[in-house]
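J.: Chain by chain, the residues:
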Amino acid sequence: MINRVKREIPEEVRGNNKVFTGVHTDCKVVQRTAPKVRPIKLDEEKWVASIEEVIDKLNLSDGMTISFHHHFREGDYIINLVMEAIAKKGIKNLTIAPSSLTNVHAPLVHHIKTGVITNMTTSGLRGELGEAISNGIMKEPVRLRSHGGRARAIESGDIKIDVAFLGVPSTDLYGNANGVKGKTICGSLGYAQMDAKYADQVVLLTDTILPYPNTPISIAQTDVDYIVELDKIGDSDGIGIGATRFTTNPKELQIAELVKEVITKSVYFKNGFSFQTGTGGAALAVTRFLAEEMKSNNIKASFALGGITKPMLTMLEENLVDTILDVQDFDKEAAISLGKQERQIEISASYYADPHNKGAAVNQLDVVILSALEVDKDFNVNVMTGSDGVLRGAIGGHCDAANAKMTIISAPLVRGRIPTIVDRVNTVITPGESVDVIVTEIGIAINPKRRDLIASLSDQGIPIYTIDALQEKAYGITGKPKPIEYEDKVVALVEYRDGTLIDKVLQVKQ
Amino acid sequence: MEIINQSTSGTLESSDIQIILGPNKQGIDIDIRSSVQKQFGEHIDMLIRKILSDKMIENAKVLAVDNGALDCTIQARMETAIYRSIGENQRVDWGVVE
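Protein sequences appear in the order of chains B and G. Count the first sequence with this note's numbering and you get residues 1 to 510, in order. Count the second sequence with this note's numbering and you get residues 511 to 608, in order.
The hints are all genuine.
With a Cα cut of at most 27 Å, we get these calculated DSS-like pairs of lysine-lysine:
(1) G/560 - B/473
(2) B/139 - G/548
(3) G/548 - B/480
(4) B/480 - G/560
(5) G/560 - B/482
(6) G/548 - B/482
Derived from the structure by calculation, the hints contain no laboratory data.
With the rest of the complex left out, here is chain B:
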């Protein structure tokens, strides 16, 4: 079946899923699922001596679904530790449902080969793991979901979690946990809050036990079955790896300058506006440039959203932003600040971006700046597969936040010899209908359906091209790349945030 973004979703892998029909969800009533609860005895303790022991207590068995969060990003120790212990017990055929996976999770390749893991849903796949999956190591396709899409899938029961293994920077012995106190802090636990609420059994793993009651209560005692103390749950410095580069690259600075121009010359740049910026050099530079413009024009933002970084904290401290809604922290400074700043508020993945609740924060966004590996002539964006077709990215909140009033994609025209603006993206993650402006170092392209933006941004000194012209310029520099050769096997299915299938990822030919 061919969907709305002209991608074929083969019947044999489609299952019960519908295919993508557009960004507007049909808003019919949904029935949420609820977890099984084993009530605690009056004198029962939750503390368990080791991961091995807790696995026995959980009755973890073949075919179950287990989950994790990725708030430690490249500094996470939990997934590898827990999976190693599970593998030693001889448990097989597990589905793992982490909120995302990063380069440090390469050891999962081994657990896939040995049949410990046979199904997977995640937002990101990188490094050796991404390569192995692109080379067809798994029998069943991986289900790729955005952060909002995962929250929706957990609530609806599409992901039914038997056991959640949640690393927490601190907890008391009854399970009140947060990410702002402890030896290894990560800040917001927004993604993990979903798992805590909906998993049948919840295990907290920590390296810091604090006196009862440990506050703030990000994960509550009412949802927690067991607590395991470890030497170290992660590395706080790994949170910022790859995300928070302070750029001096002139090309990135030029892109950031143009993004700033687009924002400040749009109708949305006024008192009380809201914004989300992503990670990466250009996005961080945008935040700095935007702050300067806000100061000189005496404009304040009502809220900033998303993955939070140090430049956003600076804006909060300087009262350029009233409130930060924080689902995840992208550096240690932001994580520390969450514990101190009362105007930096921890929110769950559902509150952040879930399309099937009664109102997510992304619905209130005026301006979002997102990155891209590829953008095509239909404005579709790929953030998941590299130019060689290999899984090496993460959906994150990309397609969730892209429904802002003005969605800006910032990307260089070419990276080395690889064009960024292409005929057809390898993988559609965010549909072109939700994308408004593409910003490159040579100029911008505006989605033709946004006539209002074309009118308001013309004659403002910003070079405007058609998307076709940008694509021709990119190919003019690099030459036309040879199309990637794929096998027939589907290695991953991409869900749009509402659970419809927007694209597939095929095994790459060796």
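Using the hints provided, position chain G relative to the given structure of chain B.
T.: Chain G in isolation, oriented as in the chain B frame:
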């Protein structure tokens, strides 16, 4: 022209290509290791063959380690390697090199 000595040009930096050019008994042997092999490997092979044939070179061994160089860079690095390997550097009139 005839390739007499082994020569190198270029670096392993991104957007550059390193060429190691040497004599060969018969024909052109090209070994390309490129970060964009899948998309541009064949194109780079053809480009290097063309540059050699434009210089009337019939026997050569080329090892090209590419980190996403554009065609203009590949051309420049190849020509440099060629002039360094023909053993008559002094006689090249750089003012008229195309």
